[in-house]
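Number of protein chains: 6
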Amino acid sequence: MLNVVVTDPPRADLALVDMLAGYGTATVHEAIGRRGYLGPAIRPVQAGKRVAGTALTVVCWPGDNLMLHVAVEQARPGDIVVVTSSSPSTDGYFGELIATSLAAHGVRGIVMGAGLRDTHELREMEFPAWTANVSAQGTVKETAGAVNVPVAIGGVTIRPGDAIVADDDGVCAVPRVDVANAVAASRSRAAKEEETRKQLADGILGLDLYGLRPKLTSVEYITAAEYARRAGEIPE
Amino acid sequence: MLNVVVTDPPRADLALVDMLAGYGTATVHEAIGRRGYLGPAIRPVQAGKRVAGTALTVVCWPGDNLMLHVAVEQARPGDIVVVTSSSPSTDGYFGELIATSLAAHGVRGIVMGAGLRDTHELREMEFPAWTANVSAQGTVKETAGAVNVPVAIGGVTIRPGDAIVADDDGVCAVPRVDVANAVAASRSRAAKEEETRKQLADGILGLDLYGLRPKLTSVEYITAAEYARRAGEIPE
Amino acid sequence: MLNVVVTDPPRADLALVDMLAGYGTATVHEAIGRRGYLGPAIRPVQAGKRVAGTALTVVCWPGDNLMLHVAVEQARPGDIVVVTSSSPSTDGYFGELIATSLAAHGVRGIVMGAGLRDTHELREMEFPAWTANVSAQGTVKETAGAVNVPVAIGGVTIRPGDAIVADDDGVCAVPRVDVANAVAASRSRAAKEEETRKQLADGILGLDLYGLRPKLTSVEYITAAEYARRAGEIPE
Amino acid sequence: MLNVVVTDPPRADLALVDMLAGYGTATVHEAIGRRGYLGPAIRPVQAGKRVAGTALTVVCWPGDNLMLHVAVEQARPGDIVVVTSSSPSTDGYFGELIATSLAAHGVRGIVMGAGLRDTHELREMEFPAWTANVSAQGTVKETAGAVNVPVAIGGVTIRPGDAIVADDDGVCAVPRVDVANAVAASRSRAAKEEETRKQLADGILGLDLYGLRPKLTSVEYITAAEYARRAGEIPE
Amino acid sequence: MLNVVVTDPPRADLALVDMLAGYGTATVHEAIGRRGYLGPAIRPVQAGKRVAGTALTVVCWPGDNLMLHVAVEQARPGDIVVVTSSSPSTDGYFGELIATSLAAHGVRGIVMGAGLRDTHELREMEFPAWTANVSAQGTVKETAGAVNVPVAIGGVTIRPGDAIVADDDGVCAVPRVDVANAVAASRSRAAKEEETRKQLADGILGLDLYGLRPKLTSVEYITAAEYARRAGEIPE
Amino acid sequence: MLNVVVTDPPRADLALVDMLAGYGTATVHEAIGRRGYLGPAIRPVQAGKRVAGTALTVVCWPGDNLMLHVAVEQARPGDIVVVTSSSPSTDGYFGELIATSLAAHGVRGIVMGAGLRDTHELREMEFPAWTANVSAQGTVKETAGAVNVPVAIGGVTIRPGDAIVADDDGVCAVPRVDVANAVAASRSRAAKEEETRKQLADGILGLDLYGLRPKLTSVEYITAAEYARRAGEIPE
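Chains as they are written, first to last, in the numbering used here: chain A, -4 to 231; chain B, -4 to 231; chain C, -4 to 231; chain D, -4 to 231; chain E, -4 to 231; chain F, -4 to 231.
This is chain A alone, in the form it adopts within the complex:
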C-alpha cells in the first residue's frame, strides 16, 4: 500500500518501552523467543549507546528521501524512525539536518535500512543511529512513498508502533502486543544471566550448569594420537 501516511498508528506504551532499554538487543531478542533481530548488516554509527522507542516507519524510493520529511510531521516523542528503500540502495538518505529536525520533535534515534551520512556530526549531536551503509551520496526529494506502514528489514517485519531496542549488537523489534511480556521476560532473563555469570566466573562448566552432557552421547573423546590414526596422517 504505497503512497499512504497512517496518521495514528497505535504505539507501544512508552513506559514499558523505556523499561526495555535497560536490557539491550541480545537479551530482549532472547526473551521473546529469539525473534525480531534485524540482522548483522545493521550496525551502530556510535559505540556504547542503548536506546528504545516506538517505530515510526518510512518507505522511500531508491535515491529519494522525500518521505523522511513527511515522517517528521508524524513524529511523536519517544519514536525511533525506521527507514527502508523500496529496492536495495546504499545512498545517504539521512544526515545531520534531518537529525536536527527529528530531535526537535522528540525522536530518539534512527534505524536505516539503506544508508546515511554525516556520521561525525551525528556522534557529536549524540543522535543515535544504526545503518546498513554509511554513504555521502545525496538523494533527491521527488517521489512519494509511505509512512507508518509495515516494513521489512533483515527478514523481520516491523509495524508502526512496535518497540525498537538498539545497541552495539544491532537492532531488535518487539511487536507492540508483546511489549509487556517482553519486559517481564527480559527482567527474568537478565536476573538468571546474572546468576549464571557468577557461577561461570567461579569456573563451573556450562556443560554442568545447563545439563548439556546428555546431548553429547554421540561424541567420542579421543586422543590426538587416535585422531591422527583415523585421519590417515601417519606417512605412508
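Certain hints may be false.
Below, a list of computed lysine-lysine pairs in the BS3-like style, where the Cα atoms sit at most 27 Å apart [said to hold, decoys possible]:
(1) Lys44/E to Lys193/F
(2) Lys136/E to Lys44/D
(3) Lys210/C to Lys136/E
(4) Lys193/B to Lys44/A
(5) Lys210/C to Lys44/C
By construction, these hints were calculated from the structure, which means they are not laboratory data.
Given the coordinates of chain A, work out where chains B, C, D, E and F should sit on it, guided by the hints.
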C-alpha cells in the same frame, strides 16, 4: 595505458584544495551536483579526520605493490595517494613503512581501493587512510603498473591532480577544472545549511521549509483503522 | 571427523607463543612466508589489542553453540578459542556469559568464523575477540560437533595447538611446528623494519632502498601532454 | 509468533491467481504499483518457467528443515511453498525428496529464501524452484518453527494465502486482497505494452511516446568538442 | 609450506572414486556425515555433468597461474585439479589452453576457488569445471606457490589424493581414508532414498515416514482467526 | 558533468570493431595488455553470444531510467548501450520494450551496470545483454542524467565510442584509439594460441612450451613422506 608514469600531471591549486577541506565529503559532493563520491565501500581507518589534497594515482597488479614505491618518487607536498589494483583484491598493499615514506615526502593521506594493514600504527602516526579492506596479507614487488593515469573506484573516474576530500563519510573526488567552483558552491551550501539547521532546530518542518507539500498530491493520509480495513486485516 | 573431542592435542610452546605477541599479525604473517592470515573478513571487536595464544578449535552446527560449552572443559591457560560453523552462518554463538566462563579457565580470547554478540560487554570485560559478524541472533544447544580438530577459515587451515596472533589487522595462524622459526623470523623482520623505517623517514626512496629500479624496465616516464596525445584526448 | 501452524489461512482465489500466471513477474509487479518483488537474490533453478500459486509460508531454524515436513501436511493444491530461515543461511533445506512429496499434494513450486539442492533432479522432475542459494549442505530435523505466518524476503512481507508469481525474472508476491485488482491491472498493462511495443518497433522514440521531453529541461545537448573543452581535456 | 611440490601423494583408489560418481554431491555429502561440501559459492560452468576424481591441489599467488603449469606435470589420469589463490582473487587463472593440456594428461575436470574463463570453449570441449567466478581477467606466470599440499575452500580442507565429487549442486571432498566407507554409505543412502521417494510420491507424509511428530510438542496448531487475535490485528 | 548529452562522440571504426567480435573478450583483453575487462560481476543473460559494437554510454539516477530513453535518440547502428546508475542499484532499468526500441535503431546489445528484466523475452528476441543483476523491480522516469560521457564499471572507465566486446566470459572495453592495434594484436594472439593448443593437446607441458622452469628455482620437489615429516604430522 599500462606501464607509464606521468611525471607532471597538472594538479588542482592547493590553496583551493585546502579550502575544500573545511566542508567535508557530503557537502562537497552535494555542492558539485551529487558527483564524485567513491561509494560506501571505502571506509576510514581512523575516526574524526577530514583532509583534502591532490590525487596521485597508482595502478597496481593484484598482490603486488611495486608501483606504490614508484609513486613516492612522484609525490608532491599536498598529494593524497589513490590506489587501485588492476583486478579485485583485498590484500594489504600499504602499511606503516610506506606511510612513513609518503609522509616524509609531504603526502597527506591515502585512499586505497584494495586493502591496507598496520591500522594501529597508522592511527598512532596520524597518517589518514581510507580503504575498502583491512588485510595483513602481504604483497610482492614484481610487476610494473602505472602512476598518474586515470583510475576508477566505486564508479568514479579519478584523474591525477583532481582534488580529493575525505572524512568519516568516505571520499569524494572533484575534477581539477571544477575545484574553484566546488569551493564557492560548498561555501554557499554550508551557509545555507547553517540557516536551515537553525530553522529545523526550531521545529519548522522540512515539508514547509523546502516547499515539498506539492509533491505529495498522490499521498493519502489515513487512519490506522482504515489501513487495516484496506489490508484485509480483519480476521475472517 | 565429526562428533569427536580431541583431549590432548599437542600445543605450541606458550613461552614461544608469548614472544609472537610482540610482533603482531602483519609481521608474523610476513615472517613465515606470507602465510596463515585468516583474511579481511575477520575483524576485531575492540581496538588496540594484540594477543597470542594456542588454538582450541571448535566446529559448531549452524545456529547451535553446544560445542562451545564442550570446548570450555578442554581449555588450557593460554588458549585462544577458534570457532567455525559447519556451514555459513552469521548468528551470535558467543557472548559475555561464555566469555566469563572461558576467562575463568585461562582462555585469552576468541576468533569467531561465524558471529558473536555482547560486544559492549566484551569490551568492558577486556575479553579480546575477532569475528566475521556481530549478531544478537541467539543459538540453540542441541547438535554435537567437534573440538580440537582442524578447521578452515578464510582459506587457512588451523590445527589445534597452532599459534594464533591477533590484533587490529586481523588474525594469523602459525603451524605449531613453525612457531620457533616464526619467533626468530619475526624478530629479524622487526629489526630490519625498524632500520628501514628510519631510512624512509629520512626521505630515502623505497625504489632505492629495496633496489626496485631494475624491475621498471618496461615502464615509460612520460609527460602529461604525451599521455593526452596517446589517449586521443585532443578534441577532434 | 514462533511454533505455530496456522491451519486455515484464507487463500487468494485460485482462478484469479491462475490468470496472474499469464503476465509474469515484471508485469504484475508494475501493475500493482511497483511492489512485491522479492529482489534480485532469488533466482530461478530452471529457465523458461512461469507459475503462479498461493503462498504456503514456512519459517525454519538455520540448518533445520523440520518445518518443511510440517508444511506438506498443510498444503493445498495450487500452493507455492515460500520458505525462510530465522537467520541468514545458505544450506540446502529442500531437494528432490520433499519436491516429490509436495508435488504429490498438488504444490506448484517453491520459493526458497535460504538454499536448496538436487537442482538437476528438480529440473528433470519439472518442479519449479526459485532460490537464493544452491547448496548440497544438508540440514537436520530437530527444532520447531512456524507454518503459515507472515515471512519477509528481500524487504517484502509475504502473508500466507498471498498470490505468488514467479518466472525467469524472479518472484513477486501479491497481497491476497489485491489479487483481483492485480489481474485487471496486469491485463490492462499488458495490452498497453503490446501497443507500445509496436510503436517502438516502428522506431518511434520513447521520448515522444511517453512525453518525456519536458523532463529534460535541465539537459544540455553539446558536441564532443565542447565536452572536451569543459572537461579540461586539452593538454596543457 | 609454500614453494613445495609433493610428487607422490597417495591417491584414493580410482575404482572406488568412480563408484562415488554415481551418487552425486548431495548424496555423498550426506553419506559421510554432512561433511566436505565446498559451499554454495563454487558453481558449475556447465549443466548436467557429474564427475569424480582424485584431488591434485594447487596454490597460486593472486593474479598468477604459474603453479597450474607446474601441476600439469604432476597430473595422473583420474585427477581433478583443485585450485586456490593465496588470497582472495576473482581473476581468470584457467581457460581452454590449460584445459587442453590437462585433458591431454588424463585430468577429468577442475575446481577453481578463484576464477576461470573461456567458459564457452570449456563447454564445447566438455571439460567439466566448477568455479567461484567467471572472469576474462588474465594472470601472470611469475611467482612460485605449491602443488599437492592441503588447501582450504569454503571452510573445507582438501588434501591431495582426496576424492572429489562434483555436479550441478557443487563440489564435495571426501578424505582419502574415508572413500571406501563413503561408497558403501552412499549406496545405502541412495537405496533408502529410492524407497522414501516412492512413499512420498504416494502421498505419505514425511512427518509420519520419518517419525517427526514427537518433535512438534511445542507447536500449536491454530486457526487464522486465532492468529490474528494474538497478533493484535483487529483494528483499534 | 551531469545533465549533458554529447551528440557526436567520435566512434571507433565499425569495420575494425566487427573484426574484434571474432576474438572474444578474453583474447581481446589479453591482446591489449590485460586491460579493459569490466569484471566478473557483469554476466551474460544468454549463453553463446559474442558481439562487438561502439559504446553509447548512459548515466541514470538510481531507480530512474529516463536517460535510457534519451539514449535511443542518440543511437547509431553498431552501438552497444553501456549503462550505469549514479549510485549502486540493482533495479530493472531495461527490458523488452526498450530492447525493441534499441533494436529498431540498430543497437546491437546492452551492458548494464545496474539491473535489467524480461530476460526470457530478451533471449527470445535475441537481443544480447550483459548485466550485474536481474531484477523485475521497476524504475521511474523523472530525473535527468547524462548520455555519452565517460562511465566507470568494475574499475574500468569507458568512453563513448570505445569498442565493446562481450561474450560468455563477460565484457571488455577497448579505447577508441587502440582499436586498430587491438585487432592486429588479437589476430596475432589467436594464431599463437592455435599453435599452442596443438602442442598442449600433444601433451607438451606448458612448463617447457613457455620456458617456465627457471621461475621455479625456489621450489622444492619433495615426497609425501617428507611433507608429512615437515608438517609434524607423525602422531606424538
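>> Under the constraints set out in the numbered hints, which ones does this structure not fulfil?
In response: 2 and 5
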